[in-house]
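Q: As they're listed, the protein sequences go chains Y and D.
Residues 28 to 624 in the numbering used here are what the first sequence spells out, letter by letter.
Residues 28 to 624 in the numbering used here are what the second sequence spells out, letter by letter.
It is worth saying that the hints were derived from the structure and are not from the lab.
One or more hints might be untrue.
Note that identical chains are pooled: a pair holds if it fits in a single copy or bridges any two copies.
[What the hints assert, rightly or not] The calculated DSBU-like cross-link candidates involving lysine-lysine, where the alpha carbons are at most 30 Å apart (straight line), are: (1) Lys170 - Lys183; (2) Lys421 - Lys370; (3) Lys295 - Lys609; (4) Lys183 - Lys299; (5) Lys108 - Lys446; (6) Lys434 - Lys370; (7) Lys302 - Lys108; (8) Lys160 - Lys533; (9) Lys295 - Lys452; (10) Lys302 - Lys546; (11) Lys312 - Lys385; (12) Lys183 - Lys295; (13) Lys452 - Lys609; (14) Lys385 - Lys399; (15) Lys546 - Lys160; (16) Lys546 - Lys385; (17) Lys183 - Lys533; (18) Lys347 - Lys183.
There are 2 protein chains.
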Amino acid sequence: MGFEVYYRTFTCGELGPDYVGQQATLAGWVNRRRDHGGLIFLDIRDRYGITQVVCDPERSPESHRVAAELRSEYVVQVSGKVVMRLPGTENPHLSTGAIEIAADQLVILNPSRTTPFPISNDSTPVDESLRLKYRYLDLRRPKMRDNMILRHRVVKLIRDYLDEQGFLEIETPILMKSTPEGARDYLVPSRIYSGEFYALPQSPQQLKQLLMVAGLDRYFQIARCFRDEDQRADRQPEFTQLDLEMSFVSEDDVMSLIEGLVISLIEKTTNKRIKELSFPRLSYKHVMDRYGTDHPDLRFDLPLVEITDLAGAGNFGVFKNALAAQGMVKGIRVPGAGGYSRKEVEELTEFARMLGAKGLVSLAIQASGEVKSPLTKFMAGQGVQAIIDRLEGKPGDLLLFVADSAKVCNDVLFRLRVKLAERLKLIDQNELALCWVVDFPLLHYDEEAQRYDAEHNPFSGMDEEHISRLDSDPLNVRAKQYDIICNGYEIGGGSVRINVAALQHKVFSLMNMDDEQIKEQFGHMLEAFEYGAPPHGGIALGIDRFIMLLADEESIRDVIAFPKTQSAMDLLMNAPSPVDDKQLRELHLQIRPEERR
Amino acid sequence: MGFEVYYRTFTCGELGPDYVGQQATLAGWVNRRRDHGGLIFLDIRDRYGITQVVCDPERSPESHRVAAELRSEYVVQVSGKVVMRLPGTENPHLSTGAIEIAADQLVILNPSRTTPFPISNDSTPVDESLRLKYRYLDLRRPKMRDNMILRHRVVKLIRDYLDEQGFLEIETPILMKSTPEGARDYLVPSRIYSGEFYALPQSPQQLKQLLMVAGLDRYFQIARCFRDEDQRADRQPEFTQLDLEMSFVSEDDVMSLIEGLVISLIEKTTNKRIKELSFPRLSYKHVMDRYGTDHPDLRFDLPLVEITDLAGAGNFGVFKNALAAQGMVKGIRVPGAGGYSRKEVEELTEFARMLGAKGLVSLAIQASGEVKSPLTKFMAGQGVQAIIDRLEGKPGDLLLFVADSAKVCNDVLFRLRVKLAERLKLIDQNELALCWVVDFPLLHYDEEAQRYDAEHNPFSGMDEEHISRLDSDPLNVRAKQYDIICNGYEIGGGSVRINVAALQHKVFSLMNMDDEQIKEQFGHMLEAFEYGAPPHGGIALGIDRFIMLLADEESIRDVIAFPKTQSAMDLLMNAPSPVDDKQLRELHLQIRPEERR
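From just these sequences and the hints, can you work out the full model?
A: Next comes the structure, spelled out in structure tokens:
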């Protein structure tokens, strides 16, 4: 059984001056070839680095002959002697930059066609659909390779950390039960049970809670989750989360654990600076007031300031109308922007309109202290000054206001705040600003469906002293819920859960489920809670998003090996695709006649 | 934000004599309650152990009152002082058996109904469907809890080992493309692309090869795989494999790596003995000849011996008929079984018939040397003796023969061999006998489909010197394939792959695929091979099966947290289940009218 074949004795990233004089065999891809002074220089690349090879016709005519045939991305094997480069030709950017291989033997292991985009230089912009179709080439590019390595390291560190803390990683099924609650499920038809379906899990929420009922105490999983949603923004049909649950804990236990984990991950895998090592814990009300969102970017301040109480002082129609409609007036101070041109202010106004505002009210405080604003015609100086004072406006500042419903004010100013920070260059790209948002309401009222709905998920627990409010004042029940935010992205969220069947039933009832529906969909959970369910809580962290932030990427697709397009298509494998009618028949299905192609 | 609640200061597994005199708070389940001499003794259980609590009405009347209410599986919190147990009442079976807690405070955190089966005593046999319906209770039982812990440890050790060896764990998609090759796919209808489907992966085979083309060099994944097959034997619709691929390797590199991994896992997680630390590498032909199977149990010898060439010597009809049909005669020596009663031999014969044999020919060598066999009437003594000699029969032995097609002979004798080993008590339950099977044929001929088919998968490479045989003698092309066997189970298999487009195309052609089909199904692979595909190979190990062997379980369901039944049903969640017609409409599907319920 003679299958001892040795392709290499070293990788392309490990040779240096210490190895000079040794024979080495490398295998890898031709990153670059240069012909110079009768010699051929090859940069051979693998995952670990790049090593320069010199093919000298006097040393090995055969190697030189083979080298002359080589083109980029050919796979080669080369043997030769490690030698120092000539003084002045070292490459300080390469770990192997002091040495080169004097080739004695060179073999083409596999040729390559010309790649559809360059591999060695990944600053060239490439159309994303081309990158996805040829993902196996895209992943050769240094940045993508580094993203895959970073992802491996982060996930490995998560596992190490949680293992040390006594957590068990437990796999939960992918073939699950469909629950009409929440987002849309991906369904999987059953062949054995005609007309019945499995669903892919949106998260292992119920099973991780059942693992706590099972007494397993500390569970986690790097879990694949699925949502068949329209892929607005930067979403994927399947995504990965760190899913975690603990027994006999309060909110503080879960938050402390995660804080330690996240800090450790950042410190071990990046050079980024964490703004506050003890993550601020901010109430939902505070962040909605101050930032207009429950996932604020805290790398910069630029707070929003409500002036609803001051806005009725004069006779300014824009403000008056908002007040008449039970609305809100809210502003933001843009430091040093008092001198923005009319065009610049108009651009910002256009941006606000795109986001749904009717417009922006501007107030520029000139260096002289003079105020320029449409407001001054309709409001006495004292009223205007009260507003300026409230926003702490100083000479040279620009104040911008939105008058509308609270929702529109917040939605618009939240995004305007970020846009202004970019414009004012207030954002340090090397900083990570993390915080917790807590004190969420348990429920909100869904006007469309005419019922209460869980703010996060129906399993979240609530403050004990608020339980009685479920009947009297359900919108003012505070949940034991916490979200973790990084640079304006919600990277995770969790809660201490309900573990009492009657209370869980009550929450489902508030969501307008009748007893029949509750039993059909969640009967197993309610039953489990009757067999000694311990107090428990947990969290889920979005792995793709978190790694995107660590890798300084703009899209989660750049940290996923084989992502789908925004329209859920796999361009490499060409999925989804039609299937045989035989397959459909076995599944007791047919395409609806009007849609059959 | 007052959410600092401390449920416990210790787990139920950590207190011992060193802690005597300290106050401790524990939380857990009531494992057992005993009332004795006016005191109430509680065994409180969590994942980590059991601690005894004594409720003395003189020390804490309230705790004693609460304790009197307690029943099994109530969740409680208890505070008290760690004290030594009275001499003579220590429990050496518990790590905490020297101490107990003198209760000062006892709180019921959650009561429990009477469980449908006992938790604290897991030797009670329980109907499996009941266990699966109440899996959250089944997992509380000590053996199941230990299986989950073992599984976590094994998988963590795999990751640690491969990380140290430079492997990257890379996630591949679950929403893939359907390929009619191989087993039946689970399909997932697309909402966006009417009439099109994703498929759940049977393995990440193609993507891991593409990761090698991407230059990532060493990949692994603990990968979920799916097969919609009838669940004969001990299979699950979804299962987990260690999926692994390496670049620039020969068969030996992969096998050595896996051998090191498997030995390390066994040594770190069990007390089992590995029969041979350097796993024997046996050829496919050798194991088929000697054991009648390509996954032999090597904990015992009991070889099969072919006597086809000797079987025609006399005029024994059973042998003659097999020979006339181009069949085989093969036997096994059962040491010391020469004195088996007619009834015992008849039982073995019945067993062979169940497996498809027409019968068994027996030959008993009595202590005296006298031979008792139907054979003696039809074959000269010399002929009989030649057969006895071939099997190395000794006085006191029983020889058993099957005369049939090679397939039937092997299928029957393979299982008969295992049954005999059990009967003769030749199997050491504490031993793990591992081996590699190599030198597989690349292809076999599928009589039913009238075409060649890959013995393992169509991506397996072949001996370079055999490539030309693809045209002349395809059945004699040797694959670069290796299977790893443990105690008669195939726990893994892999190969060095094809990395040349033309050769891969040739193999698909031999499997009767036309150019159109090849392009449609595997075009992306063939194209990838044209862009510098390195030599590569890998393996997949069945995690469920391997952990089952380590845990001494009989079924993989006992090492999976939430398995499905043999008929692919989830009894806990009740999946699969019917879905709303709205969901089906969104997927452009309807149930076939004749099947609609």
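Q: Hint by hint, say whether it matches the structure.
A: Comparing the hints with the structure gives:
Taking the closest pair of Cα atoms, Lys170 and Lys183 come within 30 Å of each other both inside a single copy (20 Å) and across two copies (28 Å). For the homomeric pair Lys421 and Lys370, the shortest alpha-carbon distance inside one copy (22 Å) is at most 30 Å, but the shortest distance between copies (106 Å) is not. For the homomeric pair Lys295 and Lys609, neither the shortest alpha-carbon distance inside one copy (52 Å) nor that between copies (48 Å) is at most 30 Å. Taking the closest pair of Cα atoms, Lys183 and Lys299 come within 30 Å of each other both inside a single copy (19 Å) and across two copies (29 Å).
Taking the shortest Cα distances, Lys108 and Lys446 never come within 30 Å of each other, neither inside one copy (56 Å) nor across copies (60 Å). Within a single copy, Lys434 and Lys370 get their C-alpha atoms as close as 27 Å, which meets the 30 Å cut-off; across copies the closest is 86 Å, which misses it. Taking CA atoms no more than 30 Å apart as the test, Lys302 paired with Lys108 passes in neither setting, with 49 Å inside one copy and 44 Å between copies. Taking the shortest alpha-carbon separations for Lys160 and Lys533, only the inter-copy value of 24 Å comes in at or below 30 Å, while the best intra-copy value is 50 Å.
Taking CA atoms no more than 30 Å apart as the test, Lys295 paired with Lys452 passes inside one copy only; the shortest distance there is 28 Å, against 54 Å between copies. When the C-alpha separation of Lys302 and Lys546 is checked against a cutoff of 30 Å, the pair qualifies neither within a copy, at 47 Å, nor between copies, at 53 Å. For a Cα distance limit of 30 Å, the shortest separation of Lys312 from Lys385 inside one copy, 25 Å, qualifies, whereas the shortest one across copies, 81 Å, does not. In this assembly of identical chains, Lys183 and Lys295 lie within 30 Å of each other by CA distance both inside one copy and across copies; the values are 11 Å within and 20 Å between.
In this assembly of identical chains, the alpha carbons of Lys452 and Lys609 never lie at most 30 Å apart, being 60 Å within a copy and 49 Å across copies at closest. When the C-alpha separation of Lys385 and Lys399 is checked against a cutoff of 30 Å, the pair qualifies only within one copy, where the shortest distance is 20 Å, while the shortest distance between copies is 105 Å. When the C-alpha separation of Lys546 and Lys160 is checked against a cutoff of 30 Å, the pair qualifies only between copies, where the shortest distance is 15 Å, while the shortest distance within a copy is 46 Å. In this homomeric assembly, Lys546 and Lys385 never come within 30 Å of each other (Cα to Cα): the closest approach is 47 Å inside a single copy and 55 Å across copies.
For a Cα distance limit of 30 Å, the shortest separation of Lys183 from Lys533 qualifies neither inside one copy, at 40 Å, nor across copies, at 40 Å. For the homomeric pair Lys347 and Lys183, neither the shortest alpha-carbon distance inside one copy (57 Å) nor that between copies (64 Å) is at most 30 Å.
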